[in-house]
Amino acid sequence: MQGHIPITEEQRISLGVYVKLMRATSCVTSKMHQHLAKWKLTMSQFGVLEALLHLGSMPQQALGRKILKSGGNITMVIDNLEKRRLVSRETDPRDRRRTCINLTPEGDAIIREIFPKHALVSEHVFSVLNETECRLLGSLLKKLGRGQESIPS
26 MQGHIPITEE QRISLGVYVK LMRATSCVTS KMHQHLAKWK LTMSQFGVLE ALLHLGSMPQ
86 QALGRKILKS GGNITMVIDN LEKRRLVSRE TDPRDRRRTC INLTPEGDAI IREIFPKHAL
146 VSEHVFSVLN ETECRLLGSL LKKLGRGQES IPS
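Here our numbering is used: the first residue of the sequence shown is 26, the next is one more, and so on.
Please keep in mind that the hints were generated in silico from the structure rather than gathered at the bench. Take every hint as true, because none was put in to throw you off.
Distance ranges between label pairs, derived from CB positions:
| no. | residue 1 | residue 2 | range |
| --- | --- | --- | --- |
| 1 | V146 | K91 | 18 to 28 Å |
| 2 | P31 | P84 | 47 to 57 Å |
| 3 | E35 | P118 | 46 to 56 Å |
| 4 | R37 | V150 | 22 to 32 Å |
| 5 | Q59 | D133 | 17 to 27 Å |
Calculated pairs, SDA-like style, for lysine to any residue (alpha carbon to alpha carbon, straight line, at most 20 Å):
| no. | residue 1 | residue 2 |
| --- | --- | --- |
| 6 | K45 | S164 |
| 7 | K108 | N98 |
| 8 | K45 | V153 |
Predicted model only: the values in this text are computed from it and were never measured. Beta carbons: idealized from backbone N, C-alpha and C, even for Gly.
The task is simple: from the sequences and hints, build the whole structure.
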């Protein structure tokens with residue numbers, strides 16, 4: 026027998042929005058990263074290469090925060106990119122405790138080849154929304170994410 030648990034209207038709405046957000050995230054993520062298989066890159070590996078392309082060399086910890094990966098996970102991602110000679114590690118000359126991650130010439134060439142395709146895929150995926158809707162969605166998602174900082178765990 027199925028049990029009914031009473032919830033408020035606000036809870037029903039917020040749970041519905043959460044389910045829609047997760048389903049949309051899953052669909053969009055799948056479409057956005059399908060083309061990476063051609064280069065045998067994971068989403069995280071692509072994220073590292075893309076961050077380094079646009080932001081330049083950065084400490085491994087900062088890179089992990091940028092692409093939302095834990096310390097152990099970012100180490101593995103970078104290890105795998107380093108094995109493929111797409112990135113290199115270098116001790117920060119100003120603080121020898123920090124390791125900076127750099128694109129190698131091979132990594133730079135690959136991300137410069139991939140990124141225009143990624144931008145086209147992004148344009149296609151989000152073409153179901155007009156420009157105003159895209160800007161509004163971006164603003165709402167930013168508000169939702171930042172708002173979590175003030176909500177106790």
